[in-house]
Structures are given as C-alpha cells and as structure tokens.
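Residue numbers (the numbering used here), protein chains in the order written: chain A, 59 to 450; chain B, 59 to 450; chain C, 59 to 450.
Hints are computed from structural coordinates only; laboratory data are not their basis. Small disclaimer: the values here were computed from a predicted structure and weren't measured. You may find that some hints are simply not true.
Unchecked claim - Partial pick of chain C residues on the chain A-facing surface, computed with a CB cut under 10 angstroms:
no. : residue
1   : Arg88
2   : His134
3   : His154
4   : Gly171
5   : Gln429
Backbone N, C-alpha and C define an ideal beta-carbon position, used for all residues, glycine too.
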Amino acid sequence: MQRSQPSPMTERLRALAATGPDSDMGRLLRMFWQPVAVSHSIKPGNAKPLRVMGEDLTLYRGESGRAYLVAGRCAHRRTVLHTGWVQGDEIRCMYHGWKYAGTGQCTEAPAEGAGSAGRIKIAGYPVHEYCGLIFAYLGSGVAPAFDLPRKEAFEKAGLIVFSRLQIWPCNWFQMIENSLDAVHVSFVHLAGKVGPFGEAVTAAIPKLDYVETDAGIRQVATRSSTNVRISDWAFPNNNHIVTPGRTKTSPWIHRGVWNVPVDDAHTYKIGVYAIPSSGPEEDRATVEHFEKYGDYNPADHHDELFLDKTWPEDPSLQLTPAQDYVAMMGQGDIVDRSQERLGKSDAGIILLRKIFWREMEAIRDGRPTKQWARLEHAEDLPIQSKLSAASI
Amino acid sequence: MQRSQPSPMTERLRALAATGPDSDMGRLLRMFWQPVAVSHSIKPGNAKPLRVMGEDLTLYRGESGRAYLVAGRCAHRRTVLHTGWVQGDEIRCMYHGWKYAGTGQCTEAPAEGAGSAGRIKIAGYPVHEYCGLIFAYLGSGVAPAFDLPRKEAFEKAGLIVFSRLQIWPCNWFQMIENSLDAVHVSFVHLAGKVGPFGEAVTAAIPKLDYVETDAGIRQVATRSSTNVRISDWAFPNNNHIVTPGRTKTSPWIHRGVWNVPVDDAHTYKIGVYAIPSSGPEEDRATVEHFEKYGDYNPADHHDELFLDKTWPEDPSLQLTPAQDYVAMMGQGDIVDRSQERLGKSDAGIILLRKIFWREMEAIRDGRPTKQWARLEHAEDLPIQSKLSAASI
Amino acid sequence: MQRSQPSPMTERLRALAATGPDSDMGRLLRMFWQPVAVSHSIKPGNAKPLRVMGEDLTLYRGESGRAYLVAGRCAHRRTVLHTGWVQGDEIRCMYHGWKYAGTGQCTEAPAEGAGSAGRIKIAGYPVHEYCGLIFAYLGSGVAPAFDLPRKEAFEKAGLIVFSRLQIWPCNWFQMIENSLDAVHVSFVHLAGKVGPFGEAVTAAIPKLDYVETDAGIRQVATRSSTNVRISDWAFPNNNHIVTPGRTKTSPWIHRGVWNVPVDDAHTYKIGVYAIPSSGPEEDRATVEHFEKYGDYNPADHHDELFLDKTWPEDPSLQLTPAQDYVAMMGQGDIVDRSQERLGKSDAGIILLRKIFWREMEAIRDGRPTKQWARLEHAEDLPIQSKLSAASI
Chain A
59 MQRSQPSPMT ERLRALAATG PDSDMGRLLR MFWQPVAVSH SIKPGNAKPL RVMGEDLTLY
119 RGESGRAYLV AGRCAHRRTV LHTGWVQGDE IRCMYHGWKY AGTGQCTEAP AEGAGSAGRI
179 KIAGYPVHEY CGLIFAYLGS GVAPAFDLPR KEAFEKAGLI VFSRLQIWPC NWFQMIENSL
239 DAVHVSFVHL AGKVGPFGEA VTAAIPKLDY VETDAGIRQV ATRSSTNVRI SDWAFPNNNH
299 IVTPGRTKTS PWIHRGVWNV PVDDAHTYKI GVYAIPSSGP EEDRATVEHF EKYGDYNPAD
359 HHDELFLDKT WPEDPSLQLT PAQDYVAMMG QGDIVDRSQE RLGKSDAGII LLRKIFWREM
419 EAIRDGRPTK QWARLEHAED LPIQSKLSAA SI
Chain B
59 MQRSQPSPMT ERLRALAATG PDSDMGRLLR MFWQPVAVSH SIKPGNAKPL RVMGEDLTLY
119 RGESGRAYLV AGRCAHRRTV LHTGWVQGDE IRCMYHGWKY AGTGQCTEAP AEGAGSAGRI
179 KIAGYPVHEY CGLIFAYLGS GVAPAFDLPR KEAFEKAGLI VFSRLQIWPC NWFQMIENSL
239 DAVHVSFVHL AGKVGPFGEA VTAAIPKLDY VETDAGIRQV ATRSSTNVRI SDWAFPNNNH
299 IVTPGRTKTS PWIHRGVWNV PVDDAHTYKI GVYAIPSSGP EEDRATVEHF EKYGDYNPAD
359 HHDELFLDKT WPEDPSLQLT PAQDYVAMMG QGDIVDRSQE RLGKSDAGII LLRKIFWREM
419 EAIRDGRPTK QWARLEHAED LPIQSKLSAA SI
Chain C
59 MQRSQPSPMT ERLRALAATG PDSDMGRLLR MFWQPVAVSH SIKPGNAKPL RVMGEDLTLY
119 RGESGRAYLV AGRCAHRRTV LHTGWVQGDE IRCMYHGWKY AGTGQCTEAP AEGAGSAGRI
179 KIAGYPVHEY CGLIFAYLGS GVAPAFDLPR KEAFEKAGLI VFSRLQIWPC NWFQMIENSL
239 DAVHVSFVHL AGKVGPFGEA VTAAIPKLDY VETDAGIRQV ATRSSTNVRI SDWAFPNNNH
299 IVTPGRTKTS PWIHRGVWNV PVDDAHTYKI GVYAIPSSGP EEDRATVEHF EKYGDYNPAD
359 HHDELFLDKT WPEDPSLQLT PAQDYVAMMG QGDIVDRSQE RLGKSDAGII LLRKIFWREM
419 EAIRDGRPTK QWARLEHAED LPIQSKLSAA SI
C-alpha cells in the first residue's frame with residue numbers, strides 16, 4: 059500500500075489538536091476507553107449533558123443504578139435528551155416522548171404508531187465504571203477489554219479513593235505535552251514562591267531520558283544519583299504518578315490522571331487519587347484534607363492567577379495544579395505551534411508527537427495501529443522530595 | 059413565467075430560518091403588520107433601540123403621545139438615534155443635531171445650512187397601536203389595512219387586557235412549528251411534574267388534522283369525543299388560543315401571540331391576554347395574579363431549567379411557557395433540520411413548511427402571494443381540561 | 059516611481075481602521091512614539107500583559123526602576139511572559155526559565171546548555187517615560203527623538219500632573235475624528251442636560267476652519283468675535299487642549315491626550331492633565347477633585363449611559379467624557395463608513411482622512427512620509443466658556 063504524503067509541518071502540528079469525530083486524532087482517541095465523568099455526579103434516575111471530543115452526549119443513570127451514554131439529541135426534532143426523564147433503564151424525550159435504551163435503540167415513539175420505533179437508533183456507547191469514574195468507549199466496533207497499565211495500585215485492599223474532574227479551557231495536547239516535560243517542574247512549581255529560590259533553581263535541571271514502551275513512554279528524570287524519577291505515561295492520555303502525602307509521615311498518593319478532550323478548546327482533567335489506609339486518625343485527616351481543598355479548580359480563579367498573581371494555599375491539591383494551569387493556559391487555548399522553538403530538553407515532547415503522528419498516519423492509511431499493552435514489569439515509583447512533586 | 063428551480067432540501071430548510079431584509083422569508087414577513095413592542099414600554103418624549111428581523115431601529119414616542127419607528131442610526135455619522143432627544147414629534151441626533159420626522163424625513167441639519175435636510179431621509183415605518191401592543195409595517199409600498207383573524211375577542215366591552223413581550227434566544231421558526239404540533243402538549247407540559255404521570259401520558263396522544271384556511275391553518279386535535287381542540291393559527295406567525303383561567307371558576311383567557319424575529323437567533327414572543335370582567339373581586343385577583351407571575355421569562359432562568367431542572371410555580375403564566383422554552387431552546391438556537399426525522403404526527407409542521415415554501419417561491423419568482431383574510435366563520439374555541447392547556 | 063492605484067472608497071475607509079502590524083496604518087502609526095501605559099501602573103519587579111495595535115506585549119519594570127517592553131510570549135513554548143518573574147532588569151519565563159533582557163535578547167535557557175540563549179531573540183521595544191506616561195516606539199529601525207508639539211506646557215515648574223488611561227471598546231479612528239469635529243460640542247455636550255437648552259443650541263454652531271500645519275491640523279472654531287477656539291491637533295493621534303478648571307477661579311488645565319489602538323476594536327484614551335500650582339488650598343482641592351472623579355471610565359457604565367440614560371455628576375472629569383463616549387460608541391465598534399453621509403461641516407474629518415491616505419500611500423509605495431515637527435509658534439490657547447469645553 060502506498061503511504062500517504064506527510065502533510066506540511068504546520069498542518070501536522072494542527073492535527074495534534076483536532077479531536078472531532080472525523081479527525082485523525084479523534085478516530086485514534088476513540089479506540090481507547092476514556093473517562094468522561096465522576097460516578098457520584100450522576101444519581102439513579104437522572105440525566106445530564108456531556109461533551110466529549112466535540113460530540114454532545116447524554117449521560118444518564120437508570121433506576122437500576124447502571125450508567126448509560128447515548129446521543130445528545132433525540133432523533134426526531136433534535137431536542138436535547140437530558141431534559142427528558144429516565145424510566146427504568148431507558149430515557150424518554152420531553153418533547154414528544156420518544157424513548158431510547160442505553161444502546162441508543164428507540165423503543166417507543168408514542169404518536170408514530172407500532173413498529174416505527176424499531177427503525178430509529180441514535181448513538182449509544184459502552185460504559186464501564188471503575189474507581190469512581192465513568193469510562194466510555196466511543197469508537198466503532200467492539201470495545202476493547204478495559205485495562206490500565208498500573209491498575210493494581212488502585213485495586214489494593216484498604217485504599218481511600220477520591221475521584222475528581224475539572225474542565226480546563228485549553229486544548230488537550232498541551233496538557234499531554236506537559237506530562238512529558240520534566241524540566242517544567244523546576245520552574246513552574248516555584249512560580250508562586252519565587253523570591254528566595256529564584257536564582258538557585260536553574261542549577262536543578264534534571265537529565266532526561268525518554269523511551270517508548272509497550273504501554274506508552276517512560277520518562278527518567280535524573281537530578282542526582284539519589285534523585286531519580288521514573289514516570290510511565292500510558293498512550294494516549296493517561297499519567298500514573300506518585301506524589302507526597304499530606305504530611306511528611308503521610309502515605310504517598312497514587313494518582314491516575316487522564317486528559318480527555320471536551321472539544322478542541324476544553325479538556326477534562328479527570329482522575330483518581332488512591333491512598334493506602336494508615337489508621338483511623340490519619341485516614342480521617344486525609345478525608346478532611348480532600349474535602350477542604352480537593353474541589354479547587356484553577357480555571358475558576360483565572361484572573362486571580364494571571365492578573366492578581368495570588369496563589370492558593372494547599373501545596374498539593376491547589377498550588378501545584380494552579381501552577382500547571384498558568385503554564386498551560388498561558389500558551390493560549392489552541393496554540394500555533396509553528397511559532398514555537400523547541401530545544402534539546404524537549405526530547406519527550408518530540409518523541410510524543412512522533413508516536414502520535416505515526417499512529418494517525420496508520421489510521422489515515424488504513425493500516426493497523428500499535429497494540430498498546432499494560433506494562434509487565436512496571437518500575438517502582440520512587441519517593442522524591444516534595445519540592446519536585448510533579449504536576450499531574 | 060418559468061418557475062425557479064427548487065433549491066435542495068437543506069437550503070430550503072435553512073431558508074425558513076433566515077429573516078433578514080434581503081432574505082425570501084424576510085421579504086414575506088415584511089408584508090404583514092408585526093407587533094414589535096408593548097405600548098407601556100415607551101413613554102412620551104422617550105426613545106429606545108429595537109431590533110426587528112435583523113434590522114436596527116429606533117422606537118420613540120412623540121410628546122403628542124404618538125409612537126414612531128425610524129432607522130436605528132443617523133444618516134450622517136451612523137450614531138444610534140435613541141441616545142438623542144425627542145422634540146415635539148421628531149427626534150434629534152445627539153452627535154450633530156440632525157432631526158428626523160417619524161417618516162424618516164430629515165427636517166434639520168443645523169451645521170449644514172438651509173436646504174440640506176430636505177435631501178436626507180432614513181427609514182421610517184408605519185405604526186399602529188392596538189390592545190397595548192405597538193405594531194409596525196416594515197414592508198415596501200403602502201401598508202395593508204390592520205386586521206386580526208379573531209379581533210372581536212379583544213374588542214368586547216369589559217375586558218381586562220394585559221400585553222407581554224419576551225425575547226427567547228432561538229430562531230422564530232421552531233416557535234412557530236411548536237404551535238402546529240399538538241402532540242407536544244402530552245409530553246412537554248408534563249415535564250416538570252413527571253413522576254406519577256410518566257406511564258399514563260403515552261395513551262393520551264390526540265388524533266390530529268390540519269387544513270389550510272383563508273387565514274392560515276386550522277388544527278383539530280381530537281383526544282376523545284368530548285375533548286376536541288380547534289386552534290386557528292393565522293399566517294404568518296399569529297396564534298389565537300383560549301386557555302383556562304386562574305381558578306376553576308375563573309373565566310377563560312383569550313390569548314393572541316405572535317412570534318416575531320428579533321434576528322435569526324432571537325425571537326419576540328409578544329402578545330395579548332384578554333379576560334372578560336367578572337366582578338370586582340375576581341377582577342382584582344386576576345390583576346394581582348398577572349402582577350405576581352406575569353413578568354416571568356424562562357430565558358432569564360435558562361440554567362435553572364436546563365441544568366438544575368427546577369420549575370417555576372404558577373402553572374399558566376410560568377410553568378407552561380417554561381416547559382415550551384425547554385422544548386424549543388433544547389433544539390438549539392438555529393437548528394440543522396436536515397438532521398431531524400419527522401414522523402406522521404408531524405403533519406402540521408409539514409403543511410406549515412409547504413405553505414411557507416410556496417409563498418417564498420412566489421416572492422422569488424415575482425408572482426403574487428396568497429391574499430390571506432380574516433376567518434368569516436371562526437369556530438368557537440372549546441373549553442378543555444387544564445391538563446391539556448396548550449402552550450402559546 | 060509609479061503611484062499605486064487608489065483602492066475603491068470602501069477599502070480606503072476600512073484601511074483607516076486597520077492597525078495591525080502588517081497594515082498600512084499600523085506601519086504608519088509605528089513610526090511614532092506612542093503612550094502605552096501609565097507609569098504608576100507598574101511597580102519595580104513587576105510585569106503585566108499589554109496589547110498595542112493588535113500586538114501582545116509584556117511590560118515590566120526592572121528592579122532598577124526602569125521600564126521595558128518585550129514580546130508577549132516566550133520564544134520556546136509560547137507561554138505569556140508576564141506570569142514569569144523579574145530578576146534584576148530581565149524577565150524569566152515561568153515555564154522553563156528562559157530569561158530575556160529588555161531588548162528581547164534571550165540571556166539564559168537553563169535546560170538548553172551554554173551558547174543556546176545567544177541565538178534566541180524576541181521583540182523588544184524602546185521605552186521612554188515622560189510626565190507619568192510610558193511611551194514606546196514599536197517601529198523598525200532607530201527610534202526618532204522623543205518630542206511633543208507643546209511640551210513646554212507639561213514641563214513648567216510647579217505643575218500638578220495627573221496621568222490617566224482608559225480603554226474604550228471602539229476603533230481608534232472615530233475617536234480621532236471626534237477631535238477634528240468642533241460641531242459635536244454644541245450637541246454632544248448638552249446631551250445629559252437637554253431640556254431647557256434643547257432649542258437654543260442649534261444657533262451656536264461655530265464657523266470652522268482647518269489647515270494642515272508642520273505638526274498636524276489646526277482647527278479654528280469661531281462662535282463669535284469674542285469666542286474663538288484654536289486647537290492644534292498633532293499627527294497622528296495627539297490632541298493638546300486647554301479646558302476650564304474645577305471652579306471659575308481655578309487655573310485652566312492643559313490636557314495632552316492620545317488615542318492609541320489596543321486593537322481594531324479597542325482604544326486607549328491615555329493622557330496627561332497639567333495644572334499650574336496656585337496655593338496649597340487650591341492645590342489640595344484639585345488633588346481631591348481628581349481623586350474623587352478622575353478614575354471614572356464611561357466604558358464601565360455603558361448600559362447606564364445607553365439604556366438608562368443616567369449621567370454622571372462631575373462636568374469635566376465625568377460628564378464630558380461620558381457624552382463623548384455615547385457619541386463615539388453609538389457609532390458601533392468598527393463603523394461601515396461607506397454608509398455615512400458627510401456634510402460641509404465635516405471639513406476637518408475630510409482633511410484628516412486625506413492626510414492619512416496620503417501618508418499611507420507613501421508607505422505602500424516606499425516613498426518617504428512627511429517629516430512632522432513641533433510647532434515653532436504655537437498659538438495661545440484661548441479661554442472660553444465652560445459650556446463649550448471641548449471633549450478630549
């Protein structure tokens with residue numbers, strides 16, 4: 059088969075940011091299970107609108123407790139379905155009462171007479187709930203088995219688990235690139251406290267190595283012989299990292315974070331925090347800490363961060379994401395990458411783009427994409443100093 | 059004369075929504091008197107800006123009490139005229155003092171010298187006040203006689219009359235279509251109170267007949283031999299319906315409602331309520347009821363209705379319009395109708411579109427349009443159960 | 059050299075409003091020093107974003123106290139620089155620590171290794187602080203000497219000086235045109251108090267003469283033999299006028315005002331008030347007056363002015379600019395001038411446009427533009443009645 063001509067660089071850079079249903083990236087991302095909501099955000103018998111990769115959808119939870127994801131609009135007059143009502147495990151449109159199963163199959167069109175509903179179908183996507191998140195498979199064909207590269211960290215006994223979702227008003231890819239860019243830690247995560255550290259920090263740039271694995275990209279950031287940080291990023295958009303706990307003696311936190319396009323100018327930052335239980339007192343303090351600080355979304359404090367330059371209080375649940383937000387939103391919502399100037403320290407970003415371009419080209423050419431798999435031998439994630447706690 | 063080629067369906071559907079001065083629909087709508095404001099909204103000596111069918115206008119009331127509708131901007135430097143001042147029955151621009159009569163004729167251009175004003179004219183449209191509404195004729199040529207298909211209902215002695223105007227942020231045509239769609243009543247107007255009624259309602263779909271009349275379309279909705287509802291919709295955008303009063307013993311209410319494009323993405327829902335007087339106590343209660351609930355505009359409560367799903371209290375003045383709002387706004391502001399899927403119960407909508415396409419084609423071809431006339435023998439509007447009270 | 063074909067009038071009118079870096083007007087305006095900020099708005103060690111003629115910039119003040127104006131974004135990943143931190147007289151990006159001098163030269167790229175910074179440069183523009191304003195030269199080549207046509211009025215001993223900046227959401231050129239239009243004074247500045255004056259005012263139209271000078275345009279407005287107002291407007295966007303003081307016995311105020319495009323739909327109204335000192339009591343009252351009323355920006359009161367038609371209290375610092383705001387914003391943000399109808403009283407505007415078109419054509423043709431110079435013999439600015447106090 060003849061290979062398609064590579065498009066010019068500006069077009070190739072733009073393609074990384076385009077995630078709609080008909081885009082190459084959109085088709086690639088739809089081959090993977092993606093988290094789209096936090097489980098507790100939708101109660102049995104309720105429905106709500108959702109936008110994922112430029113597609114408007116209806117998320118509802120049947121009276122049985124099972125969650126479903128169907129098209130955003132009724133096939134009939136294009137009214138949004140979430141304003142209708144859930145009956146059993148189906149959803150009925152409020153305009154003329156057309157009813158749909160979770161598969162998208164119309165099961166009733168009251169004024170149209172018997173037999174008509176069977177010919178009507180809207181989109182309906184497989185849903186899988188895991189660890190307090192609702193995952194969906196928006197691709198064509200049969201959904202792949204649900205898996206995660208380091209899932210045992212979320213499945214151990216005795217974990218305290220929190221799920222969180224934020225929407226950031228920028229393209230998903232600059233959030234992905236930030237995960238493969240360990241240099242930013244030395245600067246971004248000092249931004250709010252610069253004064254005394256300002257001069258010192260430039261000495262602490264890590265040596266960085268990036269290598270493609272069965273699951274994605276492994277990043278090794280060496281700051282000294284006793285400070286080596288290994289991060290296993292999973293294709294196409296999942297980061298699993300370990301960060302310090304609430305206090306010096308608190309257990310470390312496993313964090314699985316996905317960056318899922320809402321549309322090309324907005325991104326879900328959605329994920330799980332899993333913390334080993336360590337006694338009722340410490341556990342209660344952990345829960346209180348998350349209740350107090352965990353709902354902070356920097357996007358709600360945009361002007362404070364960009365113009366007033368005031369920073370939030372809690373280092374791990376507020377300040378770190380706020381700093382990342384400023385670095386990422388500071389590039390604009392959809393960035394003209396043809397204007398940027400990468401350096402040798404951007405090796406991770408360069409590898410990341412190459413892999414995405416390779417996979418998108420396969421899709422365009424009708425060739426099989428890589429069969430990504432969970433890591434057989436995941437490295438232990440090292441403990442490291444609080445100062446270099448990576449952003450998620 | 060050769061008939062113009064019918065445009066493809068997507069274009070034809072789009073044409074129903076385009077109401078600007080140069081559009082086919084815009085030229086058609088401008089052949090009719092249209093209500094554009096509520097009389098009490100403009101006091102003698104005052105002026106305000108108004109947008110009608112995509113055209114910016116200045117509405118002012120002369121010191122004599124008479125209302126005028128002229129262009130939005132001064133001919134000179136294009137400053138909006140409503141910021142100027144009314145002098146006698148003319149309006150003067152605040153920038154350089156050019157003065158205009160209600161016909162749009164410039165009567166004074168102070169710094170330009172004698173004789174210059176006579177050569178300057180802006181748009182000026184005939185105005186007719188009726189039943190607390192300000193109607194205007196925005197077409198070319200001489201305005202037709204002002205008439206209404208069922209005007210006697212608004213002109214009887216002893217009526218209590220209320221006029222109301224709202225702006226809904228959607229295209230006018232989906233509001234028109236809702237008037238010719240009796241099925242929606244069985245679902246939309248249960249939306250806020252679903253629970254117990256959910257299953258029962260699907261049995262109550264009416265048998266529907268639609269027929270073109272001299273004035274527009276007559277809709278006959280038969281729910282049972284004792285529940286027949288006849289609605290006479292008047293071309294191009296006026297509905298006259300009768301709905302239950304405040305209490306079981308209150309007199310029924312005649313409502314004349316027009317859906318007039320502000321522009322293609324906004325619509326005036328403007329009309330009159332006329333209620334027979336029935337004694338001082340009942341009349342006072344009626345006035346209090348309208349004062350308390352009558353200013354409710356669902357567009358001011360968009361998120362409450364769509365996201366919080368909380369509904370307003372009063373059934374006729376708040377809940378019913380709120381339910382219609384959700385059904386109509388739920389389709390989006392300007393809907394891509396090529397994506398919808400009409401059924402046999404949409405016969406009214408199909409007839410409606412056919413009539414509009416026929417009239418628009420006549421305009422495009424330079425042939426005369428239909429001469430619509432008031433109904434010689436209007437059917438009595440039947441009393442019906444409160445549950446099926448139609449939306450306006 | 060062959061002259062370029064004049065573009066049709068609509069295009070020529072549009073060109074007056076287009077100020078981006080590649081536009082003819084943009085290139086012309088960039089040949090002059092332009093005020094872009096008020097000095098006290100930026101403290102040593104701080105940075106803030108700024109938009110000038112469609113270009114995003116970073117204004118920062120080094121620890122030395124000197125102000126610098128560099129590009130808005132880091133060359134590396136395009137993050138906005140103002141979120142970084144000022145170190146000495148340089149600014150460091152918060153994302154990966156690239157550091158820039160005030161010339162735009164990169165002086166450090168920490169993770170890229172020695173020698174890399176020298177090859178990186180972003181925009182950096184000369185800055186000159188004067189009278190509480192920060193001026194910048196955004197043109198190519200060496201900046202011209204900094205000069206003002208009537209600078210001695212701002213440099214006398216014993217002046218009280220205030221600097222002010224507002225952003226109005228409209229194109230710069232309609233603000234310029236208002237300066238060359240003395241007729242507006244008779245109407246615009248009565249708008250808020252019309253009643254009794256309404257009829258009288260039309261008699262007070264001045265005789266107007268406009269002539270091109272070495273510095274710009276001189277406007278002579280003759281209202282009577284004892285009421286002659288001379289205004290020297292300096293090319294391309296500076297007005298120097300004298301207006302009445304706070305009370306009848308207060309000294310008159312020299313005002314230098316520039317209208318500088320933020321972008322094509324927003325304009326800085328930026329300038330200096332200079333008031334001769336006249337004893338401690340009067341001086342204190344002057345300061346109090348400016349503190350109380352001087353921060354009023356009509357753009358913050360748009361709906362009050364356009365819809366509620368309520369006017370602010372203080373005549374010179376609030377009402378006069380509010381009236382001008384209504385006249386200028388009332389034309390829209392970017393006006394389609396092909397729809398307007400100029401008269402003989404618009405001679406100033408017509409001369410103004412001719413001069414700009416001539417200069418823009420020279421730029422397009424690669425010919426030298428006029429060498430504007432300060433006025434050798436500036437006329438004394440006459441005292442005039444408070445009623446006709448011109449807008450700035």
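Verification of the supplied hints:
no., hint, verdict
1, Arg88, "violated (21 angstroms)"
2, His134, "holds (6 angstroms)"
3, His154, "holds (5 angstroms)"
4, Gly171, "holds (7 angstroms)"
5, Gln429, "violated (36 angstroms)"
Checked against the numbered hints listed earlier, the structure breaks hints 1 and 5; every other hint is satisfied.
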